[in-house]
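Protein chains in written order, with full-length UniProt numbering: chain A, 1 to 337; chain B, 1 to 479; chain C, 1 to 301.
Calculated from the structure, these hints are not laboratory results.
The beta-carbon is built from N, C-alpha and C at its ideal position, and this holds for glycine as well.
Heads up, a few of these hints could be off.
On the chain B side, residues computed to face chain A include the following (Cβ under 10 angstroms) [what the hints assert, rightly or not]: (1) D269; (2) A270; (3) D305; (4) W430; (5) D433.
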Amino acid sequence: MSTPTDTAVGASVDATARARDLLGVSRLTNQALTTWLHGLPGVDQVGCEARAASLGTRSIKTTSKQWAIDTAISMIDLTTLEGADTPGRVRGLAAKALVPDPSDLSTPRPAAVCVYGDMVTTAKQALGPDSGVKVAAVATAFPSGRASMAVKLADTRDAVKAGADEIDMVIDRGAFLAGDYLTVFNQIAEVKKACGDARLKVIMETGELVTYDNVRRASWLSMLAGGDFIKTSTGKVQPAATLPVTLIMLEAVRDWRDLTGDQVGVKPAGGIKTSKDAIKFLVTVSEVAGDDWLDNRWFRFGASSLLNDLLLQRQRLTTGAYSGASYIADDSPSTAY
Amino acid sequence: MPKFEYAPAPESTSVVDLETSYGLFINGEFVDGHGESFKSISPSSEEVLAEVSEATDADVDAAVKAARTAYTRVWSRMSGADRGKYLYRIARILQERAREFAVLESLDNGKPIKESRDVDIPLAAAHFFYNAGWADKLEYASLGANPRPHGVVGQVIPWNFPLLMLSWKIAPALATGNTVVLKPAETTPLTALLFAEVCQQADLPPGVVNIVTGAGATGQAIVDHPGIDKLAFTGSTGVGKMIARSIAGTRKKATLELGGKAANIVFDDAPIDQAVEGIVNGIFFNQGHVCCAGSRLLVQESVADEVTRRLKRRIGTLRVGDPLDKNTDIGAINSRAQLDRIIALTEAGESEGAERWDNGCELPSSGFWFRPTVFTGVTQTHRIAQEEIFGPVLSVLTFRTPQEAVAKANNTPYGLSAGIWTEKGSRILWMADQLKAGVVWANTFNKFDPTSPFGGYKESGYGREGGRHGLEPYVRTGA
Amino acid sequence: MARLDVKKTYKLYIGGKFPRSESGRSYEVYAAAKGKAQKGTFLANAAQGSRKDARDAVVAARAALPGWAGATAYNRGQVLYRVAEVMESRRPQLVQEVRDAEGLTAAAANSVVSQAIDRWVWYAGWSDKFVQVLGGLNPVAGPYFNISAAEPTGVVAVLAPQESSLLGLVSVIAPVIVSGNTCVVVTSAERPLPAITLAECLATSDVPGGVVNIITGRAAEIAPWLASHRDVNAIDLSGAAGADGVDWGALEEASADNLKRVLRPAGTGTAAVEPDWTDTPDLSRLQAFLETKTVWHPKGR
């Protein structure tokens, strides 16, 4: 599913100039950003959650299910982000990405492996040059984002230099919650410049933003500052990727494209563990943003255990029988028996 | 071509065990009626589901007599606690047989299974649970001194929420100590007849609930019967007025839940995506066969184009089709007659100059169907802005100021419900004060609950159903 | 020689003004007959209200509705209490008129006037309480704030009792207006004079013009127009009892045209009976002219 065009768009666009243009101001100030973001329509929590719940009740055709499972697999950013990560573990993850199911080689590969910046070289080597599987690196003092801008930029440049195809940055939630939108904007815009051709995913850590109004504002701010993707979470904070939060973000990218003509991707990350959940997300993508987003260029799942459940369901559809963990080859199996 | 295809995910009909014909439920058993039998068909396929008896005057008389006997000999002498226990039993059985009721309701009525399964049947059970608890607590309900039942209550219910309307009627009537003769609508009698079986399973004393099927003549026989002490009717304003005339000068009481032409008012600061959902839910829930449907969208002129654009995009994703399919959003129109009325009114809308749009979806070849339809450029003087269409047809009007929104919203003889969409709290409260409607939904729409009183102002009827207020019409008070 | 007193002209009370009937008609009002006399003494020529007077009164009542319904409950309570104060200050006149109208002894008439005054006080106190007593928060099964509150129905037509010319009259007006309704009252045909004196009390006690409109005359002539009037929201038929030529069933039937809320007269079957107005009232008359409005709002962050 990966394509050669799968590089960052508008890397050369001056985000500040575009923002001035969109906001209709001569100088981009925090006041201007505040006025703009606070002018976005509000989100009613109950209504939003009811809509998400109703999307979760859709039932899809068996043939569509096959397609949905393969699509979901191809959208996964297979992730390991532990202090205990070793080259061995990362190589294991990469091997899993290359051959997700040794019992069925027609199984598609995930979109990327997602690692800390110092593991990019290892991951790159393990995946080889032609696998089509990207390497995504978290950067900017992930997961808290509490570091100086110089450190965040150095973190980013290191990862890009090591060959990362994609950078998953975190926003400064403290600045966002303090109303210092300009700081958040500038950080994203600068990291974006540091990314070069690497695509930038902007992690908003929605679990810390708490309200859907904040999620909507952070989504628009991230897109305005040049993010190629908006991403829910680091996976280190609960709640992570919920369906209503993803719904809000899908509405944001849909409306952003209506406004600017530019398409931005969405990545829910953390907490999506089952095929059933993944299909609910895909239904939501289809009904809210539209089928243009049903592609791993525009939609990703940040996940680790999700892959194995998708493989179980895939085996179930292929063989007609329910499968079990013993039939899912895994370098870091979750069950001990 | 969408990448995703939803499966036909039909709910199995095997849970429903239909008889080929049904009698009347009088005095605890099914008996043959003396009138012609009529067919109840599935509006989604036009297949005959069962033959049903039409109750004659004599049959209604037998039902009223059974109810009277049950009232004087059993029900009025029973403790409130025991009455409550019977209602709890009924509630539990409805929950146990929920899937069966949901499938049958969707078959007979045409509504999508996700609504009968998630709304109609659970709420019906909830109404019995709620009222069960009141049965031995009536003196705490602030109803006045010495609350006591009227006696025999005649109840006539519509076809849009057959079992739910039955529960709205029967649960408070029994909780307060009345006995009941109920007539379901002629196009949707089957869940009421299945409910009769529930009464049998619950060992409800014979005659406490009697169910007589039939059309207008049967309903009139109930209204006119001298043995009826109180009437409760949900249906059209026209029939409601006939009932009010019929009982004028008598001592029969009446509760009337009638038509509506609700305004759903969207301000420029509304939570727009939820407002779009609320508009869709407001008019397309249950095919728009809802007396409180948000059939007039009043949208602030400054955001009218934006809201309409989003609305149409959303309506484009609605799925019309097999009511038993779990993915269906909009089911079948309940009857040929109702479909004809919807067609006639929408044609009037076009000829009066409103701009018509529908989502162009495919419709099944048999059965009664109507695409979700939006009229823009509608003004208050258009028939489609004044008359209740009772179908999936939305009229879009605009306003400039809150005052104008209120004036337009209230500019109708109806007064059942209204919707307000704005993020400004004080405006919500001001609007809610001004709107002449019995139910005001702010930043939501079409929500129902057994604890929440429902009923209209003006020609939308009188009396309330649900909550403590819903007990009032079923008791006498004072010395 | 005694001074020649100045007699009052009894007129209608519409929109806060005291007009004559637009029809120009009046009728003779006599005191209740005493002893063996066929007829009491002549009291006054009362205005004989017409359907057009009723029509004008409905317009006045409709116009007064937003202001009165929108007034604070505290304000309405004070206004009603003020009526009691003003009546107290006019007690001798009211007592005399009730004596004349109903043929009571001075002591009995005094008692009736006292009760009528007290009835205003009783209802005045309800103005800021009935909404609390009759409504409240509904514990719905979901994340919603849900509240029910009583509101006035609107314009109410009232057929005032034929017998009880003051206490009965107050007993039907006060529960209608305390909640914010406005009304058009057709008085007792034969005992209309206390009603007009009450109107003078209302006019001098901060009751806004149009909130209470009083028409003297024959209910049989006026009531059908009120019953069929589509801008009247409710009708109180209490005064049908003993009203010459009035068929309350026919009035109720006419009221169905716009689904008016109807308060039937007391009694059983088709009979209409005037209740004993000295009985302690309850909330039922007040409740008869209320609508319950339920408001939902989601609870979210």
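Q | Numbers of unmet hints, in rising order | A | 3, 4, 5
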